[in-house]
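S.K.: Each chain, written out:
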Amino acid sequence: MAEPTSTASAFGLTAVAVALLGPLAGPYALIAFAALSGAMWPLSAAATTSKAAGAWLLLRCTLTALVLTAFIAGGFERQLQEWFGITALEALAPVAFFVGALGNGWRPVFDALGVAIAAIAGRVGSKP
Amino acid sequence: MTAEMSASMSLAVVAHELLCMALFYTVFARLVKVNCDVKLDVRFVFFLLGGAALFGMVAPFAYGFAPTSFSLVLLTAVVLVQFVTGRHWMRHVPECFMNGTAK
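Going line by line, the protein sequences match chains A and B.
If you're matching positions, the first sequence starts at 154 in the numbering used here and goes up one per residue.
If you're matching positions, the second sequence starts at 203 in the numbering used here and goes up one per residue.
It is possible that some hints are incorrect.
Label pairs and their computed distance ranges (CB to CB) [claimed, not checked]:
hint, chain 1, residue 1, chain 2, residue 2, range
1, B, F246, A, V220, 18 to 28 Å
2, B, L274, A, A182, 12 to 22 Å
3, A, A182, B, S271, 21 to 31 Å
4, A, I273, B, R289, 55 to 65 Å
5, B, F246, A, V268, 25 to 35 Å
6, A, A182, B, A217, 16 to 26 Å
7, A, L266, B, L213, 49 to 59 Å
8, B, H290, A, I270, 46 to 56 Å
9, B, L274, A, V268, 48 to 58 Å
10, B, F285, A, I273, 54 to 64 Å
11, B, F246, A, A265, 24 to 34 Å
No wet-lab data here; the hints were simulated from the structure.
Values in this document were obtained by computation on a predicted structure and should not be read as measured data.
Here a beta-carbon is modelled for each residue, glycine too, at the ideal position from N, C-alpha and C.
The task is simple: from the sequences and hints, build the whole structure.
M.R.: See the structure below:
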């Protein structure tokens with residue numbers, strides 16, 4: 154039987170680790186979980202045939218949300234700070250949530266962007 | 203005394219995390235079967251429940267949330283409801299949740 158002091162010290166170390174690392178990981182974990190929460194809406198609308206297919210859809214939508222949110226944060230960080238007095242990290246969770254909730258809805262947007270870029274490239278290339 | 207309090211709080215956080223993960227899994231298992239033919243309010247409340255489970259997972263680390271006895275009991279009860287009612291979701295979504303059926 155383990156001595157009470159060794160068990161207590163193990164739990165104490167765990168509590169210290171959570172106290173030290175938790176606040177560091179907290180904001181980023183919040184953003185990731187917000188993206189995952191939003192991604193559950195497209196999952197509820199999609200006709201998935203298995204848990205693996207559902208998990209893959211969740212992962213795709215979450216990762217898309219995280220990437221797009223990082224772009225948005227990078228592009229508007231200064232404006233968020235100046236106009237609203239909030240840091241990009243604080244604003245990212247709701248953004249990640251809504252981007253995740255859009256799910257596969259970004260595909261038509263990217264397709265349209267691709268067509269527009271191809272059209273512009275074609276015009277630039279055809280000019281003498 | 204401080205070490206004991208830290209130990210009990212860590213145990214409460216671990217229990218809270220496990221319960222939130224279990225709750226998220228039950229919601230995920232249902233949402234896999236759900237599609238656009240299911241009533242919008244049913245889809246929405248399960249979406250909210252899943253979001254609450256995920257929020258619960260991150261709350262101790264992002265906001266310093268300390269689980270209480272009541273929060274643990276309530277979470278356990280909700281998880282148990284999900285598991286017990288899961289038998290009605292084994293093959294497909296319950297008919298009464300589908301569009302075109304009476305409320």
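S.K.: Now tell me, hint by hint, if it's right for this structure.
M.R.: Outcome of the hint check:
Between F246/B and V220/A the beta carbon distance is about 26 Å. The supplied range of 18 to 28 Å therefore holds. At roughly 21 Å, the beta carbons of L274/B and A182/A sit within the given window of 12 to 22 Å. Between A182/A and S271/B the beta carbon distance is about 25 Å. The supplied range of 21 to 31 Å therefore holds. Our hint of 55 to 65 Å for I273/A and R289/B holds, since their Cβ atoms are close to 57 Å apart.
At about 34 Å, the beta-carbon gap between F246/B and V268/A stays in the expected band of 25 to 35 Å. Checked against the given bound of 16 to 26 Å, the beta carbons of A182/A and A217/B, roughly 19 Å apart, stay inside it. Our hint of 49 to 59 Å for L266/A and L213/B holds, since their Cβ atoms are close to 50 Å apart. Our hint of 46 to 56 Å for H290/B and I270/A holds, since their Cβ atoms are close to 50 Å apart.
Separation of L274/B from V268/A is about 53 Å and conforms to the stated range, judged on CB atoms against 48 to 58 Å. The hinted window of 54 to 64 Å between F285/B and I273/A holds, with their beta carbons roughly 55 Å apart. Checking the proposed 24 to 34 Å range against F246/B and A265/A shows it holds: the Cβ atoms sit about 29 Å from each other.
Comparing the model with each numbered hint stated earlier shows that all of them hold.
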